[in-house]
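Trainee: Here are the chains, one letter per residue:
There are 2 protein chains.
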Amino acid sequence: LEEPKKRLPRIGYRTIYEDLREAICSGIYAKHDAIPSSRGLAEELGVSRSTVNRAYEQLVAEGYIVVGPGTRPRVAADIHADRTVHQSEPVEVRSADAELSAFGRRLIDSHQRQRSRAPSLRIDFRYGSIAGEDFPLANWHRSVNAVLRRREKVLSYQDPCGSPALRQALQNYLWRARLIKCSCEQIIIVNGSQQALDLLARILLDPGDPFVIENPSYAMARNSFEAEGAKALPIEVDEHGMMTEQLGGQRARLAYVTPSHQYPLGGVMSIERRMQLLSWAKRCGAWIVEDDYDHEFRYDEKPVAPLFSFSADARVIYIGTVSKSLSPGMRIGYAVLPHALTGVFALAKQLADRHNSVLEQDALADFIQSGLYERHVRRQRRKCNLRRETLIRALKDTFGDRVEIQGTQTGLHVVIWFRDIPITQEAELIERAHTMGVGLYSIRPLCNPPLPGERNKQIGLVMGYASISLTWIVEGVALLQKVIGDLRL
Amino acid sequence: LEEPKKRLPRIGYRTIYEDLREAICSGIYAKHDAIPSSRGLAEELGVSRSTVNRAYEQLVAEGYIVVGPGTRPRVAADIHADRTVHQSEPVEVRSADAELSAFGRRLIDSHQRQRSRAPSLRIDFRYGSIAGEDFPLANWHRSVNAVLRRREKVLSYQDPCGSPALRQALQNYLWRARLIKCSCEQIIIVNGSQQALDLLARILLDPGDPFVIENPSYAMARNSFEAEGAKALPIEVDEHGMMTEQLGGQRARLAYVTPSHQYPLGGVMSIERRMQLLSWAKRCGAWIVEDDYDHEFRYDEKPVAPLFSFSADARVIYIGTVSKSLSPGMRIGYAVLPHALTGVFALAKQLADRHNSVLEQDALADFIQSGLYERHVRRQRRKCNLRRETLIRALKDTFGDRVEIQGTQTGLHVVIWFRDIPITQEAELIERAHTMGVGLYSIRPLCNPPLPGERNKQIGLVMGYASISLTWIVEGVALLQKVIGDLRL
Chain A
1 LEEPKKRLPR
11 IGYRTIYEDL
21 REAICSGIYA
31 KHDAIPSSRG
41 LAEELGVSRS
51 TVNRAYEQLV
61 AEGYIVVGPG
71 TRPRVAADIH
81 ADRTVHQSEP
91 VEVRSADAEL
101 SAFGRRLIDS
111 HQRQRSRAPS
121 LRIDFRYGSI
131 AGEDFPLANW
141 HRSVNAVLRR
151 REKVLSYQDP
161 CGSPALRQAL
171 QNYLWRARLI
181 KCSCEQIIIV
191 NGSQQALDLL
201 ARILLDPGDP
211 FVIENPSYAM
221 ARNSFEAEGA
231 KALPIEVDEH
241 GMMTEQLGGQ
251 RARLAYVTPS
261 HQYPLGGVMS
271 IERRMQLLSW
281 AKRCGAWIVE
291 DDYDHEFRYD
301 EKPVAPLFSF
311 SADARVIYIG
321 TVSKSLSPGM
331 RIGYAVLPHA
341 LTGVFALAKQ
351 LADRHNSVLE
361 QDALADFIQS
371 GLYERHVRRQ
381 RRKCNLRRET
391 LIRALKDTFG
401 DRVEIQGTQT
411 GLHVVIWFRD
421 IPITQEAELI
431 ERAHTMGVGL
441 YSIRPLCNPP
451 LPGERNKQIG
461 LVMGYASISL
471 TWIVEGVALL
481 QKVIGDLRL
Chain B
1 LEEPKKRLPR
11 IGYRTIYEDL
21 REAICSGIYA
31 KHDAIPSSRG
41 LAEELGVSRS
51 TVNRAYEQLV
61 AEGYIVVGPG
71 TRPRVAADIH
81 ADRTVHQSEP
91 VEVRSADAEL
101 SAFGRRLIDS
111 HQRQRSRAPS
121 LRIDFRYGSI
131 AGEDFPLANW
141 HRSVNAVLRR
151 REKVLSYQDP
161 CGSPALRQAL
171 QNYLWRARLI
181 KCSCEQIIIV
191 NGSQQALDLL
201 ARILLDPGDP
211 FVIENPSYAM
221 ARNSFEAEGA
231 KALPIEVDEH
241 GMMTEQLGGQ
251 RARLAYVTPS
261 HQYPLGGVMS
271 IERRMQLLSW
281 AKRCGAWIVE
291 DDYDHEFRYD
301 EKPVAPLFSF
311 SADARVIYIG
321 TVSKSLSPGM
331 RIGYAVLPHA
341 LTGVFALAKQ
351 LADRHNSVLE
361 QDALADFIQS
371 GLYERHVRRQ
381 RRKCNLRRET
391 LIRALKDTFG
401 DRVEIQGTQT
411 GLHVVIWFRD
421 IPITQEAELI
431 ERAHTMGVGL
441 YSIRPLCNPP
451 LPGERNKQIG
461 LVMGYASISL
471 TWIVEGVALL
481 QKVIGDLRL
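Chains as they are written, first to last, in the working numbering: chain A, 1 to 489; chain B, 1 to 489.
Don't read these hints as lab results, they were simulated from the structure. Be aware that one or more of the hints could be misleading.
It does not matter which identical chain is used: a pair holds within one copy or between any two.
Calculated cross-link-like contacts (lysine-lysine; reagent style BS3-like; alpha-carbon spacing at most 25 Å) [unchecked claim]:
#1 Lys-396 <-> Lys-482
#2 Lys-181 <-> Lys-31
#3 Lys-396 <-> Lys-282
#4 Lys-31 <-> Lys-282
#5 Lys-396 <-> Lys-383
#6 Lys-383 <-> Lys-482
#7 Lys-383 <-> Lys-153
#8 Lys-153 <-> Lys-396
#9 Lys-181 <-> Lys-282
#10 Lys-457 <-> Lys-396
#11 Lys-231 <-> Lys-282
#12 Lys-482 <-> Lys-181
#13 Lys-383 <-> Lys-181
#14 Lys-482 <-> Lys-457
#15 Lys-31 <-> Lys-457
Could you put the whole structure together from the sequences, leaning on the hints where they help?
Mentor: Structure (structure tokens):
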């Protein structure tokens with residue numbers, strides 16, 4: 001049985017003419033843009049070439065396009081349509097008149113939390129960005145080339161858990177760098193640590209479920225859990241990490257912690273508290289999500305084994321990423337899971353996007369296995385240590401006792417508190433700094449509820465330094481001083 | 001306030017020795033593998049080099065590792081630990097004794113649906129795979145190089161909607177190839193079309209919501225909606241696509257359709273039915289998800305404008321992908337959304353994984369804008385047309401009237417029905433073919449409920465041909481004949 005031919009509307013020259021004219025007027029094609037060749041368009045649209053040519057002739061006659069021998073037709077130079085502009089500006093959410101799911105409505109309700117980078121800032125202390133010149137371009141290029149040279153016989157969908165080569169490389173690396181002992185099966189590659197958080201929220205949390213989170217904490221983690229409808233149980237932190245003694249009789253399905261380097265305040269969770277957290281989790285059957293987001297950047301600390309290694313009853317999910325060490329744009333992270341969760345996590349990953357891109361996974365495997373990754377991390381650690389020392393020295397030299405600096409021992413950021421500037425001036429300080437090209441970020445959006453005691457009355461800034469050169473760090477602090485001097489205190 | 005030094009356990013030579021020995025015995029390091037240099041490991045662990053050296057000396061003495069001048073220590077040749085093996089085999093789901101969310105439990109309940117590719121097959125008619133030799137490696141390499149040469153000043157998180165260059169390139173391309181008129185803001189880049197389905201399921205469907213789906217249909221789409229707890233309303237299809245007259249008074253939140261090329265049966269939805277579907281959607285306030293998964297592969301059909309272009313009241317979400325035209329491993333797809341949904345979809349994408357990998361997005365933008373993509377698609381269409389003709393001719397020559405071939409006009413697969421082999425033989429036929437290295441796939445897993453009438457008593461196979469050379473296609477059909485001859489009919 002061959003299908004009968006259906007009567008479908010044919011495309012005439014008039015349609016092509018009108019559509020192309022509209023495409024030019026609305027800026028889909030801007031001036032000087034090449035439009036499709038008549039042969040190409042005829043083939044795409046399934047019409048004869050003469051139909052397309054007739055439309056093109058009319059467009060030429062009316063001055064929309066120009067044709068020349070041997071080149072593709074182009075939009076005329078004097079067309080003044082506005083090309084659509086689209087920058088990485090804050091996402092605009094329009095009120096959908098149609099219905100969304102409860103998840104969709106929660107996203108819209110929380111959308112004020114989203115922030116994005118303003119490209120106009122000369123000196124941006126945004127946390128999470130890293131300097132482009134630090135990227136190991138030549139060596140990365142080498143690894144990408146090595147992968148591109150291997151031509152596969154068949155291109156097909158892959159294991160949702162990730163590239164076998166990368167999982168093997170990470171198993172080795174995690175043992176060397178973090179003393180994590182796990183099988184390759186426990187490692188699942190994700191599209192950045194954010195995807196690990198999102199998938200864990202989906203497979204572990206139902207609407208209304210309580211989850212424990214440090215306060216202050218990483219906003220995108222909290223967003224992930226809250227978007228599933230779960231309810232935060234914020235726990236205070238001090239210089240030894242989350243104050244687990246406050247867990248007491250609380251019950252929760254999950255606890256999200258950053259024990260190696262509390263985000264953003266920088267404490268390292270003490271051994272006593274690690275043990276307390278693990279026994280609490282065992283008592284109430286909770287999962288622990290350990291986000292080891294910047295473990296590559298220790299400067300003067302002996303490393304502490306991750307919670308994952310302590311957990312005898314396999315309640316800890318360990319999350320890592322190369323966003324801090326290589327590039328946030330690469331979107332490669334990994335979760336190390338207890339055996340009980342690998343299967344369901346892999347199913348969730350497959351449903352979410354089948355698997356990560358093959359090319360960059362295999363390039364990263366090559367980069368790690370050849371030793372280039374750890375060489376790069378060591379170099380990067382030295383560079384960032386210089387930036388860290390420069391920032392701390394500049395802050396101390398400039399502000400002396402007026403400023404308190406927290407979380408200086410590891411990572412790629414510090415938190416600073418101004419002892420003598422009232423919190424009411426914070427918004428103005430940040431806005432004035434932005435006007436001068438300096439990006440500053442309040443700790444306030446990471447605190448919910450507000451921090452107790454004096455902290456809630458002080459200006460607190462999270463200052464990332466990984467993307468800024470030493471000169472500009474010094475300049476940025478000088479500009480901050482100028483901004484503060486201009487405030488009416 | 002500098003944080004006080006915490007008393008943390010130090011790592012001694014004994015720990016290093018024991019951990020490394022265990023790593024070797026358990027196969028984390030296999031024989032001949034290089035282990036870290038003592039300098040590197042000392043730096044990673046924050047211990048003195050002599051501590052590491054002492055551990056290494058003991059491992060040498062006991063025969064676990066060998067050291068030589070100027071090279072990294074290696075695992076000895078006579079170590080016989082089993083390296084962990086991990087292939088892209090079906091995901092094993094272990095019974096989690098701890099609690100999962102309702103979503104997690106639904107995933108586990110449905111996990112028998114997952115399939116994965118068996119690398120042992122010589123001639124695999126799996127749909128979704130494409131031939132490695134068809135990939136435009138040299139030109140793709142060129143585009144990747146062009147992107148890698150541009151060094152960004154700052155590496156930071158990007159717009160969740162995707163690379164501006166790629167969205168612009170797709171806006172142009174979609175106008176040329178599909179007569180879709182949309183702004184760049186309406187195009188959001190996703191990690192393959194699967195991610196678009198998953199995000200749409202999350203933002204549009206609540207547990208218990210009904211959704212319309214063709215029967216048979218693409219299993220991973222149905223999985224996405226069902227994983228959110230939504231309930232399928234399957235609608236029959238014929239050679240003109242989904243039988244929209246059966247929608248009647250049904251109400252649903254969403255309808256998933258493949259109007260350009262019904263998957264898997266191959267019908268093209270008629271204009272009348274397109275109109276009927278749109279007015280039904282308007283009546284009950286439903287969203288329509290139009291999956292245009294293989295529009296690049298039309299052979300003898302005039303193209304029909306997508307539903308997206310027909311929808312005056314903007315209820316259609318259009319989904320496209322480069323998985324069929326370039327590589328399923330690249331994981332780049334796109335959704336073209338009504339304005340009302342762009343904001344919430346972007347928030348969902350940001351929560352899911354922040355954004356797609358930057359490198360491949362920009363390489364694809366370069367590849368499209370330079371005209372290489374459409375040149376590749378035209379070449380690919382000719383190649384796949386030859387494969388299609390070869391398969392159909394071989395099937396007709398071999399089986400004559402015994403076989404009915406469906407959906408031959410577009411796409412990268414056909415469906416064949418055997419008129420005279422009882423359905424009870426299907427499993428045996430497929431298993432015997434697999435034994436002979438031929439991958440065959442029943443249509444049955446795509447049908448729920450079973451197809452009505454005769455179809456449910458016939459053997460039906462979905463045969464993808466995009467990854468197989470002409471010779472092997474002919475050979476595959478000959479082997480199929482042999483398998484059928486061996487069945488006890």
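Trainee: Tell me, in ascending order, the numbers of any earlier hints that this structure violates.
Mentor: When the structure is compared with the hints, numbers 3, 4, 6, 8, 12, 13 and 15 turn out to be violated.
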